[in-house]
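Asks: In the order they appear, the protein sequences are chains A and B. So that you can map any letter, position 9 of the first sequence is 8 in numbering that gives the first Met the number 0, and since no number is skipped, the others follow by simple counting. So that you can map any letter, position 219 of the second sequence is 218 in numbering that gives the first Met the number 0, and since no number is skipped, the others follow by simple counting.
Because the hints were derived from the structure by calculation, they are not lab data. Possibly wrong hints are sitting among the right ones.
Distance windows between CB atoms, simulated [stated by the list, open to error]:
| no. | chain 1 | residue 1 | chain 2 | residue 2 | range |
| --- | --- | --- | --- | --- | --- |
| 1 | A | Lys120 | B | Ile379 | 38 to 46 Å |
| 2 | B | Met0 | A | Met0 | 38 to 46 Å |
| 3 | A | Gly41 | B | Ala358 | 56 to 64 Å |
| 4 | B | Ser289 | A | Asp14 | 19 to 27 Å |
Taking lysine-lysine pairs in the DSSO-like style, the calculated list, with each CA pair at most 30 Å apart, reads [said to hold, decoys possible]:
| no. | chain 1 | residue 1 | chain 2 | residue 2 |
| --- | --- | --- | --- | --- |
| 5 | B | Lys403 | A | Lys115 |
| 6 | B | Lys165 | B | Lys152 |
| 7 | A | Lys138 | B | Lys141 |
| 8 | B | Lys334 | A | Lys115 |
| 9 | B | Lys152 | B | Lys140 |
| 10 | B | Lys334 | A | Lys138 |
| 11 | B | Lys334 | A | Lys116 |
| 12 | B | Lys281 | B | Lys105 |
| 13 | B | Lys15 | A | Lys115 |
| 14 | B | Lys334 | A | Lys114 |
| 15 | B | Lys403 | A | Lys114 |
| 16 | A | Lys119 | B | Lys334 |
| 17 | A | Lys75 | A | Lys116 |
| 18 | A | Lys75 | B | Lys165 |
| 19 | A | Lys138 | A | Lys115 |
| 20 | A | Lys138 | A | Lys114 |
| 21 | A | Lys75 | B | Lys334 |
| 22 | B | Lys334 | A | Lys161 |
| 23 | A | Lys138 | B | Lys403 |
| 24 | B | Lys403 | A | Lys15 |
| 25 | B | Lys165 | B | Lys141 |
| 26 | A | Lys120 | B | Lys334 |
| 27 | B | Lys141 | B | Lys105 |
| 28 | B | Lys334 | B | Lys281 |
All C-beta atoms in this analysis are idealised placements derived from N, C-alpha and C, irrespective of residue type, glycine included.
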Amino acid sequence: MILNLQNIYKDYYQDKLVVPVLKDVSLQVYEGEYVAIMGPSGSGKTTLMNIIGCLDRPTNGTYELDGRNILGLNDKTLSEVRLNSVGFVFQNFQLMPRQSALENVCLPLVYAGIKKKERKKRAMAALERVGLEDRAEFKPTQLSGGQKQRVAIARAMVNHPKILLADEPTGALDSKSGSQIMELFHKLNTEGVTIVMITHDARIGEEAERTLHMIDGMLSEKKEGRGV
Amino acid sequence: MLENIRLSFQGILSHKMRSFLTMLGIIIGIAAIIAIVSTIQGTNKQIEQNLIGSGDNNVDVQLYQGDYVLDFSYEPIPAGIPVIAQEVLEEIRQQEHVEDASLYRKRQDYDGVYYRDTSLSGGYVYGVDSRYFSACGLMMKKGRGFSSEDYAKSKKVCILDKNSEKVLFEGADAVGKTIELRGEPFVVVGVVTEKEAFEPVISTMDEYYTYMEQSSGAVYLPDTVWPIIYQYDEPQSLVLKAETTSDMTSVGKNAADLLNGYLSAEDSSIQYKAEDLMEQAKQIQQLSQSTNMMLIWIAGISLLVGGIGVMNIMLVSVTERTAEIGLKKAIGARKSYILGQFLTEAVVLTSIGGIAGVAAGIILSQIISRANGIPAQISIPALILSVVFSMAIGIIFGLLPSYKAANLDPIEALRHE
Ligand SMILES: Nc1ncnc2c1ncn2[C@@H]1O[C@H](COP(=O)(O)OP(=O)(O)OP(=O)(O)O)[C@@H](O)[C@H]1O
Ligand SMILES: [Mg+2]
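Pulled out of the complex, with its shape left as it was, chain A reads as follows:
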């Protein structure tokens, strides 16, 4: 089991008003799985994803990533987990606008303290993996939306994490680029990468082997045979 979240609660505080966003969420994901999370806007999907990606801490509950208790870790160790164990892809790509595709992919390698020459080699390999080796020197403004998202995926995968988290990766793309990204996810999944993806698009959600529904802070599984 690569992800094991048990009884996760998350409250936000707004002027002493407690806003419960996640209410007793439990989630187990096994290595090599491809999971989609769907649900209405404001139901808490991104909140859950941020907790899985070690960007946020739950108010209550337990979380193990690859057998490691995440909630007991300090800031410095958490950044190492983000660096090496998970890859994150966002709806709006989040590329550094003034840096080339290659430099963007290099960023996590810089944080990992890898030498410049080796960095270039590994970043090129990651770009090849997403089919963008011929756009290495392009700036984000010179790339299409789909290409930008593929650069972002290359950046997420460059340190070879076991799990890739994607928050509405096709949300800002037209359907053709969107399906290209989905093909890429499939390819990565067959190579052994565990994928957890948030999506609004039911068609895309269908492609995953497991689809979960988040409604009002509660997660339910919908799989053939099993009910809500």
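Mind docking chain B with the ligands on chain A? Use the hints.
Replies: Using the frame of chain A, we list chain B with the ligands on its own:
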């Protein structure tokens, strides 16, 4: 680190105008300090040169009665003041940091020196030993120096300096001519000149008198001739050449102490004293320094304002780049990395400002020096210190914004649009 510096340059270049305006406070502050320090040092050098001469490190040790130099033109020689013997001079030469020492007698002769009808009014007559010229940094301009025969036979020969040659001979060559000294004929055998000519800037009466003494002309005689035209057993003065300028004070004091040991005059206020030019120079320098320290403080305030400007812009930059910081943290950048990145940017910014300020300061000090005729003395340590100081400003005022950036919550940062 190198990567950070490269990124900082990228960031600074992408906001050229903003970066320049931010640096302006630092540039002005550093430029003002460099200009002030250069002007102070130039002035100090000037004071030293005016008083001490250009690096001869000469100290005069003369007989004083109280605060006044004893002048034997007018006064009889008091009992108990022996002529300084050759062995005593040797002893002084052996003292620490003494490069050379020479004995001489001097008086101002208002109506004693003539060439035909021209008088060297107010000129000085010196009776000197054979080492005097080299000890005082005087060089033969033409003719010859005194020979041992001149001394041994008390020959009536003399050497002029270029001022007395100009006054007495009005531009003609003096060598070989005969002048009249107290009615006695003296043959001019040579003309001496200072090794390094320098034109002092005269801005006070004291400087004027010092300058006049140097420019009113001198006639040098072998000291063995002195008794023939003036008097026997006249006590000498001593001129010392110290090894370095900073040795001048101690060397003069040691020699005066030694000479005072031989005195047995009834009047105990008669003493050998070293004319402590270095001390005088220091006092004048301190006076000008304390007023200029105020200026440095004022320039320092400009640096402080510049630093606050840097802090302000860095805070704006942190806010602008919230999303970037959030993303970097999300993909694994540590706090210390973000901190380092922003600190580097602040330091690069202020360092460029510092270097530009140094350049502006050098130009400014040249302009000031042209305007009031005092050469600026640009000191390399001050330049290096300025750049280091502006780096320090970058660290100090960059710390708060960088700390703020490093501690941004990645979630907040990512939601920031
Ligand atoms: N910092 C915060 N303070 C208070 N409430 C917050 C904060 N962040 C999120 N929320 C609330 O938490 C709820 C869930 O937000 P979240 O972003 O997880 O929704 P989502 O399911 O990802 O929605 P969408 O599909 O629109 O992206 C929302 O109601 C939101 O208002
Ligand atoms: Mg969301």
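Asks: The structure should be examined with respect to each hint, and the outcome stated for every one.
Replies: Going down the list of hints, with the structure as the test:
The beta-carbon spacing between Lys120 of chain A and Ile379 of chain B, approximately 45 Å, falls within the hinted interval of 38 to 46 Å. The beta-carbon spacing between Met0 of chain B and Met0 of chain A, approximately 41 Å, falls within the hinted interval of 38 to 46 Å. The hint said 56 to 64 Å for the Cβ distance between Gly41 of chain A and Ala358 of chain B, and at roughly 58 Å that hint holds. About 59 Å separates the C-beta atoms of Ser289 of chain B and Asp14 of chain A, a value inconsistent with the hinted range of 19 to 27 Å.
Restraint check: the Cα-Cα separation between Lys403 of chain B and Lys115 of chain A comes to about 29 Å, which is no more than 30 Å; the hinted pair holds. Proposed proximity of Lys165 of chain B and Lys152 of chain B is supported: the alpha carbons are some 29 Å apart, at most 30 Å. Distance restraint check for Lys138 of chain A and Lys141 of chain B: the Cα-Cα separation of roughly 79 Å exceeds the 30 Å cut-off, and the hinted pair is therefore not satisfied. The straight-line distance between the Cα atoms of Lys334 of chain B and Lys115 of chain A is roughly 21 Å, inside the 30 Å bound, and the hint therefore holds.
Simply put, Lys152 of chain B and Lys140 of chain B have alpha-carbon atoms about 25 Å apart, close enough for the 30 Å limit, and the pair holds. For the hint linking Lys334 of chain B to Lys138 of chain A, the alpha-carbon distance of about 27 Å falls within 30 Å, and the restraint holds. A hinted pair counts as satisfied when its Cα atoms are at most 30 Å apart, and Lys334 of chain B with Lys116 of chain A qualifies at roughly 25 Å. For the given pair, Lys281 of chain B sits about 27 Å from Lys105 of chain B by alpha-carbon distance, which is consistent with the 30 Å threshold.
Taking the CA atoms of Lys15 of chain B and Lys115 of chain A, the gap is near 28 Å; set against the 30 Å cutoff, the hint holds. Note on Lys334 of chain B and Lys114 of chain A: the hinted pairing holds, with a Cα-Cα distance of about 20 Å set against a maximum of 30 Å. Between Lys403 of chain B and Lys114 of chain A the CA atoms are separated by roughly 29 Å; this keeps the pair inside 30 Å, and the hint holds. Annotation: proposed proximity of Lys119 of chain A to Lys334 of chain B holds, straight-line Cα distance about 24 Å (limit 30 Å).
Taking the CA atoms of Lys75 of chain A and Lys116 of chain A, the gap is about 26 Å. The hint holds against a cut of 30 Å. A threshold of 30 Å between alpha carbons decides the hint, and for Lys75 of chain A with Lys165 of chain B the separation of about 85 Å lies outside it, so the pair is violated. Between Lys138 of chain A and Lys115 of chain A the CA atoms are separated by roughly 19 Å; this keeps the pair inside 30 Å, and the hint holds. For the suggested pair Lys138 of chain A and Lys114 of chain A, the alpha carbons sit about 23 Å apart, so the restraint of at most 30 Å is met.
Straight-line distance between C-alpha atoms of Lys75 of chain A and Lys334 of chain B comes to about 8 Å, which keeps the hinted pair within the 30 Å bound. At most 30 Å may separate the alpha-carbon atoms for a hinted pair to count; Lys334 of chain B and Lys161 of chain A meet this at roughly 24 Å. With a CA separation close to 29 Å, the supplied pair Lys138 of chain A and Lys403 of chain B stays within the 30 Å bound. A threshold of 30 Å between alpha carbons decides the hint, and for Lys403 of chain B with Lys15 of chain A the separation of about 25 Å falls inside it, so the pair holds.
At most 30 Å may separate the alpha-carbon atoms for a hinted pair to count; Lys165 of chain B and Lys141 of chain B meet this at roughly 14 Å. Taking the CA atoms of Lys120 of chain A and Lys334 of chain B, the gap is near 26 Å; set against the 30 Å cutoff, the hint holds. Simply put, Lys141 of chain B and Lys105 of chain B have alpha-carbon atoms about 23 Å apart, close enough for the 30 Å limit, and the pair holds. As the CA atoms of Lys334 of chain B and Lys281 of chain B are separated by approximately 53 Å, the hinted pair breaks the 30 Å bound.
Hints 4, 7, 18 and 28, counting from the list given before, are not met by this structure.
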